[in-house]
Amino acid sequence: MPKERAKDGRLNRRAFITSASGLAVASAGSLSSPFISSARAQEPAKVGLVFAKQGTWTEQGEHLVNGAKVALEQVGSKVLGRPVEFVWLDEPNPQVAQQNMQKMVDEMKVSAVIGGTNSGTSLAMASVAKRSKMPFIAANAAARDITGKECNRYTFRTLATTPVACRAVAPHLASIGKNWYFLVASYVFGLDVYKSMKAELDAVGGKEVGFDETPLGTTDFSSFILKIRQAKPDVVVLAIQGNDLSNFLKQYKEFGLQDKIPVCNPVIGDSDLWSIGAETSFGIYGKPWHFSDPSNPPADKEFAAAYSKAHGRPASDKAWLGWQSMRMLIGAIQKEQSFEPEKIVAGLETLQVRDGEALTYYRDWDHQLLHRYLVLRVKKKITDKWDYLELLGQSPANPGDLDTLFGSKAEVGCTLGSL
Amino acid sequence: MIEVLISQVVNGLVLGFLYVLIAIGLTIIFGMLGIINFAHGAFFALGAYFAIMLSSYIGWAGFIVGPLIVGIIGMLTEVVLIRRLYGKEPLLSLIVTFGAALFIEAAIRLVWGAGGQPFSPPSILTGVVEFGPIVTTKYRVAVLVITAVILAAFWAFLRFTPYGRILRAGGRDPQMVSLLGINLPLVMTAAFGFGIALAAAAGALAAPLWSVKPNIAEAAVMPAFVTVTIGGLGSNLGAIVAGLLIGVTTALTIQFWPEASAAAMYILMTIVLLVRPRGLFGEQWERFE
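As given, the protein sequences belong to chains U and D, one line each in that order.
Here the first sequence stands for residues 380 to 798, numbered as in this note's numbering.
Here the second sequence stands for residues -3 to 285, numbered as in this note's numbering.
Please keep in mind that the hints were generated in silico from the structure rather than gathered at the bench.
Since we're looking at a predicted model, the values are computed, not measured.
Check the hints yourself; a few may be wrong.
[What the hints assert, rightly or not] Capping the alpha-carbon separation at 27 Å, the derived lysine-lysine pairs in DSSO-like fashion look like this:
1) U:606 <-> U:639
2) U:586 <-> U:574
3) D:84 <-> U:632
4) U:557 <-> U:425
5) U:586 <-> U:639
6) U:574 <-> U:606
7) D:134 <-> U:759
8) U:557 <-> U:632
9) U:639 <-> U:760
10) D:134 <-> U:611
11) U:574 <-> U:512
12) U:586 <-> U:611
13) D:134 <-> U:760
14) U:512 <-> U:528
15) D:134 <-> U:639
16) U:759 <-> U:639
17) U:722 <-> U:425
18) D:134 <-> U:606
[Unchecked claim] Which chain U residues stay away from chain D? Per the calculated CB distances, all over 12 Å, these:
19) 423
20) 441
21) 528
22) 529
23) 625
24) 680
25) 733
26) 780
27) 790
Backbone N, C-alpha and C fix where the C-beta goes; we use that ideal spot for every residue, glycine too.
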């Protein structure tokens, strides 16, 4: 209405009347909405994605969203005959993650939310899920509390917990040596890994020869590396991620230790290694999924193919976590034939998909996804541009032990509550 | 124990030289132009990316050409943006350069993607140097030498050439220098470009050590500001002493209290500011009071 605006920028009478009548039409429209509700069947359903668009977790956020997108495309962006779209908001910190999720619930009217590149924002969003009764899948959070002490009926988690990852990698490290040096990030995740790995070390009668907490965002690790060099451990157990891990590996190699003292990070993402390149990559790592794992079931192989076709590079573990979360959500909606929150929760609690001889599903009493965990090692000679890792083993060795691996009710300590 | 201490102190000094190189450009720009350049870290990042990109075409010459190109980008930025901020409120320059930093980071993400750029030291500089208890790497020694050479050349330039005199005088009293018939705007553009080229050179040197991602700027900008604050705004000698001090303090904190190592430089800053509110070598400058 710029034409009707008075020159001094204030509204003149004509503009006022026009906008007032516009408002009247708009409110009449909302009053009459009960009569057009039949058209709602065609109105797209929405799935909310809350993943990082900026900061340390940007790349992980991008991979998670791209993976989730593939799952939607695989069903032609239609579930129960209704088009489904996604909205993607940022999560720069736990407070904003909460606000954005709340906005999705209140204003965007989403049917479910998938989100969380890290444990901090995921825990924050889990509380919104509980309060607003909104199904929420934490795709990439490892802290045990999400499906432990802080668990709730509306929150599900796709990534394996830190104790599971530690149980998987520990035997491989113990076979190298029993003097371990711990270098862990100074926050929930790092201390969680330390607690679990220390327990595994004590169980085999090993010795802790050093322990350092590194502040999040450390760029130069040379002084830490000097301490490791001095302590002469058999293995360095790491619990640092993203940028920090890339920095550490680069500098560890710079100090020529990569062939002398092996390093292991029980939880790692592909992009941490891709960002430093094949030349600088080394170590033993735990991951929930690997794109070239020959034992991947047909559905996972289809996803891997679709992803690399769309993005020109293999799917990372984060992409798989995004895909798996979205795929389980779609499956739950189809199973219960409904977009209602309670029905989606019921669907997620009962849906099972096949993974070779085992079944993958969210456990009904703690909402943790049960899926095998891989232990991998950087190959001695890397020939592929993307595939740096070879399989050392997987946990559990026997598919029947999956439930035991993820912990008993007493160990996990989750009480879900009612719908 | 004494051996451990020596080894950590030397390691801290070596790291400190990198901080000095990042901070010296910032201090030049503040001292001469009176601009608090929040985009310094972004130019540091740009330096790293240009060096990596160019070195795949022209080898290690990329480490000289890269910072020069970024310096030219810096000069263009001065002409288009920074020039309008001279003599204005400091807050304004903070906001504008902060905006520029976000813009550059987004541009980097757009061109090179959010992922990291793999990069290692050249094979001739790989390996460890051991000298008694002192352990460092050949590449870190090279960074130390290059930084020392750049600083010596810069000092000689300021001290012994007429251009250096103009720069020093222009920093103290721009009006007087203009009245003497010197084309000050041109001098300012050159000074800004030079400060930016130094940031870019630091970025290029850090590329083989640090993971090169669009947010590498964050890792550089805070130590740079703390260095300049501890050293005293606008003081080149202050930046050098402060950079080395931060390196050593951080290294020793890692030895004895690792979880506090990120906070160490801020604690150092607090102590210095309590004792000397203008920083170690800060003087009273009429135009900044």
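We went through each hint and held it up to the structure:
1. U:606 <-> U:639: Holds - the C-alpha atoms of residue 639 of chain U and residue 606 of chain U are around 15 Å apart, at most 27 Å.
2. U:586 <-> U:574: Judged against 27 Å, a Cα distance of about 14 Å means the pair holds.
3. D:84 <-> U:632: Violated, at roughly 48 Å.
4. U:557 <-> U:425: 51 Å, violated
5. U:586 <-> U:639: It holds: about 19 Å lies between the C-alpha atoms, which stays within 27 Å.
6. U:574 <-> U:606: Distance ~21 Å between residue 574 of chain U and residue 606 of chain U Cα, so the pair holds.
7. D:134 <-> U:759: 25 Å, holds
8. U:557 <-> U:632: 22 Å, holds
9. U:639 <-> U:760: 17 Å, holds
10. D:134 <-> U:611: 22 Å, holds
11. U:574 <-> U:512: 33 Å, violated
12. U:586 <-> U:611: Status holds; Cα separation ~12 Å.
13. D:134 <-> U:760: Answer holds: residue 134 of chain D to residue 760 of chain U is near 25 Å, not above 27 Å.
14. U:512 <-> U:528: 18 Å, holds
15. D:134 <-> U:639: 19 Å, holds
16. U:759 <-> U:639: 14 Å, holds
17. U:722 <-> U:425: Holds, at roughly 16 Å.
18. D:134 <-> U:606: 19 Å, holds
19. 423: With a cut-off of 12 Å, residue 423 of chain U remains clear of chain D, as the shortest Cβ separation is near 28 Å.
20. 441: 6 Å, violated
21. 528: Holds, because the least Cβ-Cβ distance between residue 528 of chain U and chain D comes to about 24 Å, which exceeds 12 Å.
22. 529: Given a closest Cβ separation of 24 Å, the condition holds.
23. 625: Check fails; 3 Å does not lie beyond 12 Å.
24. 680: With a cut-off of 12 Å, residue 680 of chain U remains clear of chain D, as the shortest Cβ separation is near 24 Å.
25. 733: Given a closest Cβ separation of 33 Å, the condition holds.
26. 780: With a cut-off of 12 Å, residue 780 of chain U remains clear of chain D, as the shortest Cβ separation is near 36 Å.
27. 790: 28 Å, holds
Consistency with the previously given hints fails for numbers 3, 4, 11, 20 and 23, ordered from lowest to highest.
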